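Assemble the complex: chain U is given as a structure, and chain B must be docked to it using the hints.
Sequence order for the protein chains is U and B.
Taking the numbering used here, I'd label the letters of the first sequence as residues 216 to 947.
Taking the numbering used here, I'd label the letters of the second sequence as residues -1 to 448.
To be clear, the hints were calculated from the coordinates, so they are not data collected in a lab.
Computed from a prediction, not measured in an experiment: that's the story for all the values here.
Cβ atoms here follow ideal geometry from the backbone N, Cα and C, with glycine treated the same way.
Heads up, some of the hints might be wrong.
Stated by the list, open to error - Derived pair list, reagent style DSBU-like, types lysine-lysine, alpha-carbon separation capped at 30 angstroms: (1) B:K62 x U:K607; (2) U:K895 x B:K394; (3) B:K54 x U:K578; (4) B:K295 x U:K691; (5) B:K447 x U:K690; (6) U:K895 x B:K204; (7) U:K733 x B:K295; (8) B:K394 x U:K740; (9) B:K394 x U:K733; (10) B:K295 x U:K607; (11) U:K691 x B:K62; (12) B:K204 x U:K736; (13) U:K684 x B:K295; (14) B:K62 x U:K740; (15) U:K736 x B:K54; (16) B:K394 x U:K612; (17) U:K763 x B:K295; (18) B:K163 x U:K578; (19) U:K612 x B:K54; (20) U:K895 x U:K860; (21) U:K895 x B:K109; (22) U:K578 x B:K62; (23) B:K112 x U:K895; (24) U:K763 x B:K163; (25) B:K134 x U:K664; (26) B:K54 x U:K749; (27) B:K295 x U:K740.
Unchecked claim - Examples of chain B residues toward chain U, derived with CB under 10 angstroms: (28) E58; (29) D276; (30) K295.
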Amino acid sequence: MMRLNTVSPGSIIKGLLNSYAQIFFSDHILFGMILLLITFFDLVAGFSGLIAVTTAHLISYLMGFDKNRIRRGVYGFNCLLVGLGIGIQFEPGFLLFFVVVFAAVFTIFLTIAMQGVIGKYTLPYLSLPFLFSFWLMLIATNELTALGISERAIYTFNDLYTLGGHRLVHVYEWWHSMAIPESLRVYFLSLGAIFFQFNVLAGLIVGIGLLIASRISFTLSLLGFYTAYLFYHWVGADITGLTYSYIGFNYILTSIAIGGFFIIPSWKSYLWVVILMPVVALVTIAFSNIFAVFSLPIYSLPFNIVVIIFLYTLKLRIDPDPGLAEVYIQENTPEKNLYSFINSRSRFGLLSGNSIILPFFGKWNVSQGHRGEYTHKEAWKEAWDFIITDEKGSQFKDRGDYPENYYCYGKSVLAPSDGWVESVTGNVPDNIIGEVNVHQNWGNSVVIKHTDYLYSAVSHLQPGSITVKPGTMVKKGDVIGKCGNSGRSPYPHLHFQIQQSPLVGAPTLKYPLSYYIKYGKDTLKLCTFEIPEKGDLLSNIEQNEILKNGLNFLAYKTLNFKVNDKRIKWEVQIDPFNNTYLECQESGARAYFTFDDYMLYFKFFKGSRESLLYYFFLAFYKIQTGFYQGIEVKDLITPNYIFSKSRLFLQDIFAPFFLFLSAEYRMQYISRDNELDPSKITLQSEITVKSFGRSFSGPKFEIILNTDGIEEFKIIDRDIITEAVCIRESTS
Amino acid sequence: MEKKIFERPYIKKIRAGMPSKFGKPVKIDPLPFIDDLPVEELIKQYGSPLFVISEKTIRETFRKAKMAFETRYPRVQFAWSYKTNYLDAVCRIFHQEDAWAEVVSGFEYEKAEKNGVAGNKIIFNGPDKSLSDLKKASENDSLIHIDHFDELYDLIEVAKKMDHKPRVAIRVNMDTGVYPIWDRFGFNYENGDAWDAINRIVRSEKLELSGLHCHIGTYMLSTEAYRRAASKLGELAVRAFHRHNTLIKYIDIGGGFATQNTLKGAYYQGYDTAPSFDEYAESITSALLDVNFPDNKLPLLILETGRALIDDAGFLLGTVLANKRLSGGNRATILDVGVNNLFTSFWYDHEVNPVKDTSDHFEESTFFGPLCMNIDVIRDAISFPLLRKGDQFVIKRIGAYNMTQWMQFITYRPNVVLIDINGSTHVIRKMEDLNAVTAGESVPDHLQKI
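Bound-form chain U, shown alone (with noise of 0.2 angstroms):
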């Protein structure tokens, strides 16, 4: 907590420059410094900018406004885009910087309060600010005489020779000379025109930063902007529109925006792309003229308007389709979310906050799944009806004709997660076989609440067999009552479902459970997060104590470990949105995990790859609490881990479609020292690297854990064994 509310000299440059950045949706720092650099090809207009944004700065960090935003640039890039509009609109002077900071002020206002509006629907407010700060000072300062109308953007080189002396006038001439296509001279006249820079210089050192700090945006502002050129041409428009006013930058972000920034980017979203550039093309059209009438240009209100307006509607889908997904944590750049989400959807698609396990003890048979074809139909159609079956297949043994001969009649019923018992029927009585009662159809049921809309029910059970009341407490895998034949049950059997309201009989919820082991002929899978079918054979996840133990990374505890004499410290971490995290004190590197008793799991890692973290994060990226030989807990790591950046470049750009660069975590137990009471776990981490079809193994890690926690872990990378020894201190 006290981290985030430090105000360092690092955090207010890093804030300046991000809002640089954020302009075009990024935080990277390099490419906040070259767009810096390009507001000051015209020095007035990048002073008063800059002017603007600290004005902004400084007043959201007098104010108290959120630390966190202001260091992201949110909350400055709006003020800059005003800073900048007007220091290229009028003559310096004392007036103009004394407008300004003004100017900065109200937009900064206006910022906040269209984040209190508009945020509330979570939307952004993308340039919305500038747009109407911008429209007023226009207007406001048609009385301001004083000021005076520069001519400067209108004469480019006396502008460049101003700044870079005949050098630089040469340069631009040499770069007018070659015989660069017409639509990027456009192309690169609207990126510099979103810094108000008129010329073609300014918008390919843009075009360069942006392609450095995002390869998807660069990618998508290409598209964006040539399909809006095309359209031009096909329908006839007047292109001249596009040259000379230079709202070009409208189809370049909103394609970012909607390509790639705000959507995850994947092939819907470049279709959705292609298909909104008309409509911004229309609405261009229809506001330039509207607004024509009050000699106000339109700038980037297009973008606004379609670019909110999509989002909005996005919201509202009610099925919504995981292709065009909305981006909720936001990282910034569309690669990072790509790659994160392509993480978590992998391998949290179905994460869920409550982890359910199953309701019984041993392996148990699903009788009939999801969308069954007996009575799961309907709104009853997410349900499971389990039932034990012998060698042979058989769930009963003799020839059946009573419930007792059923191997699940009078078996234990668990409560499959923590929560209290909502409602209990428990009279009902068991049926002959083959019989069933249509007027009882659920049977002796137990509901119990988990959440406030997660309930599950168990049904058909023996009558007199329910242990619990309505109000017990009962926690994970308590024993609730004895699998039965009550109700629409013409043999024994126990059905199971996950539901939304309290009552008996309700509809069914889509739920996974959250871990079992499923069995094959000879073989064991672990399944995370899965919805078991029909004919599965399933039994819940032995926890072991010590990797129970070992890897329950206590919040504020701290890891020590050994490598060659030399002492690495890292914290276990939260940060306010309850993230977990270890931290490396020395190089500030961090890995994110979630634990949650069944699992590890490693999600970001954000530091140097050289760090100790960095391979820890590798070599514990997923593991599974229950120490099963011949289970292998596999993952996918995305590439964005593995690969250098120079590697990524390629990947990056056709990320949205496919990925030929990623990775394979692989994980496996390999010895206890005893079963019944292990003091010594040792297991086995390799990660599998793979480029284009082709597979290389990467480093292999060997962990080794005992009661007391982490004993040490191995890093064996390309024949050279690293070793890292946890060490123990005492508590006091």
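Here is chain B on its own, set in the frame of chain U:
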């Protein structure tokens, strides 16, 4: 036309119609096949008498037992009771099915080691453990179940010289409502000896008290007794935690489950009285689930049942040697199977099946073995159809105890054949010959010449 078997004329009261108070007339079905292999062929190939073990039955029975417990209790482990049948092949089937080993002597311990069972998966029971046995078991991290205080003191001495604490359990005997109480093994629960032993173990600080063990009897027909035993052990475990902060890792309920063999003198047939695995499991696990174990951590439930897992898989094949009339006119049949091979005939009225179809005419007979000993009686007063010299028969449910308690007496012990799951046969113990029997003998010089 085949020549009909001659049957001596006799007079029998007609009892057609309603069954009498003894039920319907008995019909004994022939048993011509074991696991689809013809008995005649087996005898032809491997001789008579012949022990046959069905691997399929072992595995099926084991899985049935395992399922009965595992669907009722989350943590279950079986340990194969070596004394019940320690033929290596048999033991290994159980170990393949993930059973540990339960041994009661240094010899059995060696056998388990030879079968490749890890030291920490051997449970060492019994009242006779030598100092060297204790030392070896401690070094191998086996689970040592202490039977009496003298052994406890021995073990503490052994442990003093060890660098790790041997893992131990105490065997507890108790009143479970079944009499006589098997109080000759272990420490008594009711008189406080068991609690005393726990205190001494914990106070010694040389041993790690891992588990509690009981074995309430043999051929137990009452499942309630197990419920009481499990409750009492659970109560001890809770007490040990509250008093000493010692977490009991496992509760070993022992064995003693009955099979469908009929005990001598029993009024009802075994298959009417023997509880199923499900019934035993229900009593044991429900009792354990009712115990309020510390931290809600259920201890591992270990089962050492032997008889119930192997009895059904064993068959003893034999041939009729002769028929004769005793002095009272009673019929007697002399078989080539005697008490030297079928030790359990002292306890059970074994079920004997002919191999071929027989006539419907029964006569009360006595089955004698081939030994030149008057006690060699396999069945007395069995109502059986007439058998002739050379006829073959099968004695069912003899897998338990016979292949360990058999005697090399008067004659050699026969072949033991295993029928594997694919129906192939394997001799897993060869018939003895003179060398095998006399291998350990030596003749002093002065007796060399006779």
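Hint check results:
no. : hint            : result
1   : B:K62 x U:K607  : 11 angstroms, holds
2   : U:K895 x B:K394 : 46 angstroms, violated
3   : B:K54 x U:K578  : 21 angstroms, holds
4   : B:K295 x U:K691 : 12 angstroms, holds
5   : B:K447 x U:K690 : 82 angstroms, violated
6   : U:K895 x B:K204 : 21 angstroms, holds
7   : U:K733 x B:K295 : 24 angstroms, holds
8   : B:K394 x U:K740 : 40 angstroms, violated
9   : B:K394 x U:K733 : 38 angstroms, violated
10  : B:K295 x U:K607 : 33 angstroms, violated
11  : U:K691 x B:K62  : 27 angstroms, holds
12  : B:K204 x U:K736 : 45 angstroms, violated
13  : U:K684 x B:K295 : 23 angstroms, holds
14  : B:K62 x U:K740  : 23 angstroms, holds
15  : U:K736 x B:K54  : 17 angstroms, holds
16  : B:K394 x U:K612 : 21 angstroms, holds
17  : U:K763 x B:K295 : 13 angstroms, holds
18  : B:K163 x U:K578 : 36 angstroms, violated
19  : U:K612 x B:K54  : 17 angstroms, holds
20  : U:K895 x U:K860 : 39 angstroms, violated
21  : U:K895 x B:K109 : 27 angstroms, holds
22  : U:K578 x B:K62  : 12 angstroms, holds
23  : B:K112 x U:K895 : 25 angstroms, holds
24  : U:K763 x B:K163 : 24 angstroms, holds
25  : B:K134 x U:K664 : 54 angstroms, violated
26  : B:K54 x U:K749  : 28 angstroms, holds
27  : B:K295 x U:K740 : 25 angstroms, holds
28  : E58             : 6 angstroms, holds
29  : D276            : 8 angstroms, holds
30  : K295            : 8 angstroms, holds
Violated hints, in rising order: 2, 5, 8, 9, 10, 12, 18, 20 and 25; the structure is consistent with all others.
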